[in-house]
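Model the placement of chain U on the given structure of chain C, informed by the hints.
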Amino acid sequence: MLRRPSSGDLRIIGHFTGRIFLAFAGVSVLPLMVEIGLGEWAPVSSFVLMMGVFAVVGAGLRRLLATSRPLDLRHGMVVVALVWLLVPAVAAIPLALSGHFSDFLDAYFDAVSGLTTTGLSVLQDLDHLALSLNLWRHLLQFLGGLGIVVVAVWLSVGGAGLALAHSEGRADKILPSVSSTSRFIWRVSLVHMAVGVAVLYGVGVVFLGFTSGRSVFHSLMIFFAAFSTGGFSVQSTSLGYYHSAILEAAASVMMIAGAMSFQLHFALWQRRYRDALRNLETRAYLTTFVVLLGVTMVGLGALGTYDGILGHARQGVFQFLSAHTTTGFSTIPSSELALWTGLAFAGIAAAMALGGMAASTAGGVKALRVGLTAKVLRGESKRVMMPPGAVIPVGYFQDGHRRMTVEVAHAAMFITVLYLGLYLVGTGVGIAYGYPLQDALFESVSAGATVGLSAGITDPAMPVVLQIVYMSEMWLGRLEFVAVFALIGTVWSSIRGR
Amino acid sequence: MRRAIVVVGTAAWMLSLAMPAVADVAVVDVAELLRDPASYTAPGVAEVRVRGELVGDFGHRQDAVWTQLNQDSYSAAPIRTGGPLAGGNQGIGVRIPLAIWQDPGAPGDYRHRGAIVEVVGVWRYHDPDRAGESYLDATGFTIVDPPAPLREEFPWSRLLVGGALLIGAGVIAASSRKRMHE
Chain C
26 MLRRPSSGDL RIIGHFTGRI FLAFAGVSVL PLMVEIGLGE WAPVSSFVLM MGVFAVVGAG
86 LRRLLATSRP LDLRHGMVVV ALVWLLVPAV AAIPLALSGH FSDFLDAYFD AVSGLTTTGL
146 SVLQDLDHLA LSLNLWRHLL QFLGGLGIVV VAVWLSVGGA GLALAHSEGR ADKILPSVSS
206 TSRFIWRVSL VHMAVGVAVL YGVGVVFLGF TSGRSVFHSL MIFFAAFSTG GFSVQSTSLG
266 YYHSAILEAA ASVMMIAGAM SFQLHFALWQ RRYRDALRNL ETRAYLTTFV VLLGVTMVGL
326 GALGTYDGIL GHARQGVFQF LSAHTTTGFS TIPSSELALW TGLAFAGIAA AMALGGMAAS
386 TAGGVKALRV GLTAKVLRGE SKRVMMPPGA VIPVGYFQDG HRRMTVEVAH AAMFITVLYL
446 GLYLVGTGVG IAYGYPLQDA LFESVSAGAT VGLSAGITDP AMPVVLQIVY MSEMWLGRLE
506 FVAVFALIGT VWSSIRGR
Chain U
14 MRRAIVVVGT AAWMLSLAMP AVADVAVVDV AELLRDPASY TAPGVAEVRV RGELVGDFGH
74 RQDAVWTQLN QDSYSAAPIR TGGPLAGGNQ GIGVRIPLAI WQDPGAPGDY RHRGAIVEVV
134 GVWRYHDPDR AGESYLDATG FTIVDPPAPL REEFPWSRLL VGGALLIGAG VIAASSRKRM
194 HE
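Heads up: the protein sequence lines correspond to chains C and U, in order.
Going by my numbering, the residue at position 141 of the first sequence is 166; the numbering climbs one at a time, nothing skipped.
Going by my numbering, the residue at position 125 of the second sequence is 138; the numbering climbs one at a time, nothing skipped.
Bear in mind the hints are in silico, worked out from the structure with no lab data behind them.
For each residue, glycine too, the CB sits at the ideal point set by N, CA and C.
Accuracy of the hints is not assured; some may be wrong.
[Said to hold, decoys possible] Stretch-level coverage of chain U by chain C, calculated; a stretch enters the list once three of its residues show a Cβ under 8 Å from a Cβ in chain C:
{"id": "1", "region": "63 to 75"}
{"id": "2", "region": "79 to 86"}
{"id": "3", "region": "158 to 168"}
{"id": "4", "region": "171 to 178"}
{"id": "5", "region": "181 to 190"}
[Said to hold, decoys possible] Here are some chain C residues the structure puts well away from chain U; computed CB gaps all over 12 Å:
{"id": "6", "residue": "D97"}
{"id": "7", "residue": "H217"}
{"id": "8", "residue": "Y298"}
{"id": "9", "residue": "Q423"}
For reference, chain C alone in the conformation it holds in the complex (with noise of 0.2 Å):
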C-alpha cells in the first residue's frame, strides 16, 4: 500500500528547497555587482527581480515550512530533484527579458542546460549579449557542477549536506564529514580557478592579444565553461573563436580536470599516485579514452576531414575530448560536426554517451560504471566455462580492494541500462519529428549525457515537444535517474496513497 507522504514530510521538503532559493538570492548577488560595475543597467533590472524572486519565494518557504526536524535521504532527493528544476525557472527571469530569447521556455532551456553542465542552447545574437548575463550563464554551469549540493552545505545548510550528497549520487566521503568533504572540493576548484584563470589570462594577453581586461573575462568564463564541463562560450563559434592550440591545450587541462572524481583528485593531493592509477575507474576512463580515441581517428582518416596528421590529431582529439569530458566545447561549426559520420561519428557518440568519472562535474553514464560492468561480465563470462557451482570471486580497487556485491553490479547496470534507453527515447522522438538517425542519436546523447555538442537540431526553431524531451534528459541525466524517481514517487503518492 502506498504510503502517503505526511505534512511533516512536505514541510522538510519545502523547507530545505526555500534555503537552496536564498543561497541562490545571495549567490546572484555576484553578477549583480559584475553589471553595475560594467554600468549595463538593463540587466541590473532583471537581476534584482530574480533576485527578489528567489528571496520571497526561499524566505517564504523557510517561514511557512519552518521544522526542526533532519533531512533524511528520501527527503533530500526529492529537494534535489526539485531545485534541479525549479531554480532554472527563476534564473531564466533575466535571461527571458534579454530580448534574446523567443519565449520563457528558450530561456528556461538555456537555464537548465546551464544548471546541469549540458551547454546546448537556444540562445539568439550571443555576440551581442550583455557581458553579466553570460556571467549568469557561466556561473550557474560552475554551481551546477560543483553540485548545488556543494553550494548548500557551503552556505551552512549543515546537517542536511549528507542526504544531498546522497542523493545526487555523492555516497563516497572523500573525508570523514560531508563538510569537510565539500570543503575539500571547494579548495580543489579554488586551486584550480587559480591556476586556470592565470594561465588562459597569460595565453589572452601574450598568445592573442587581447586587452588585459577581456582576457580577466574571457579566462573567467572559459574556465567556469571548462571545469564545470559545461561548453557554453563567450562567442557564438565557441572555441573556434579563437584560433590558438595553446588555449585550446590550456582549456582541455582544465575539461580533463573536471572530468575527474574528486576522489582522484584527493588521492593525487596526497600524492598516491599508485592508487589513482589502479583505481577500477581511472583504467576504465583510459581504457575508452584510448579505444574510442582509436576508433574516432580511423574514422577521421577514413572520411579524409583534414588535410595531414596535425590537423586530424588537432581538430579531432580536441572535438573527441569535449564529447568524453562531457563539456562540448567545439572548434568546428555544428554543420562540419555533423558531417563527422561511420566510425568518427560512432568513437565521438560513445565517448559522449559514457561520459566522465563518477563523482565529478561530468555526465554520461560514468567510468565507474563501465569498470563495474565489465567487471561484471567478465566474471559471467567466467562462470559460464567453470563447473556448475563454482564460486568466481570478483574483486576490484577503487580507494582500496572491494567485492563485487550484487547489489553494487545491479546500481551500476541498471543505471547504466536506464541512460541508454534515455539515449534512445530522446532518439526517437528526433526521428518522429523527421531528423536524420545519425543527428536524432547524437542530439539525444549529448542531452542525456550533458555534453552540449550539437549536430544543429538544437536550435530556436526547433519543436517545442522536442525541446522539453531534451530538457528531462539533461534533468534526468544530470541527476542520473533517482532523485527524479524519489520527487515523482512522493508526488504519484501523495495523490494516490493512504
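Using the frame of chain C, we list chain U on its own:
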C-alpha cells in the same frame, strides 16, 4: 585598324590570364560559406569577398589582427534597437595582416553594433598550416560603416517590482527571526 584590334584583343586575353585572382573573386554570404565551405577554397575560387560586422575582440598578434566577422540580421537590425530575433549568429574567423589593418573602432558587443566592413581574401578551409583551422585570410579590408552605439532603456518597473520583493523577503525573514526568539 585590324592590327590594332588584334593587339588590343591579345593584350586583353593575356591580361585575363595574368589576373585570375581578380576574375575569381566570389561575393559570398557567410551563411553560404558555412553551409558549403569546401566550394570556396583555392584553386577553384582564388578569393572571396564578404561584408559584415566585426564582433568580439581584435586580437593583435605578431603580424596580423584576428577577429570574427558576422553576417546576420543583427548587424543590420540589432535586437536592442527593436530588430527581430533571427536565430544564432553566422560568423567566421578573419585574419587581417597589419599591413592592411585600419582601426575600425569598437567591435560589436552589448554596447555597440560593430563596424561594417568588407573583406576580400583567401578562404582557408581546414588550413594544413594551422592544423585544420578554417578562416578568411584577408588581402583587402575596407571599413564601410563605422560602429554605432546601442542605447538601452532602463526598465524601472522591473527594478521596482524586484525591490518590493526583496523588501518583502526581508520582512518575512525578520518576522521568522522574531518568532524564533519568542
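Return the numbers of the hints above that this structure violates; sort them in rising order.
none
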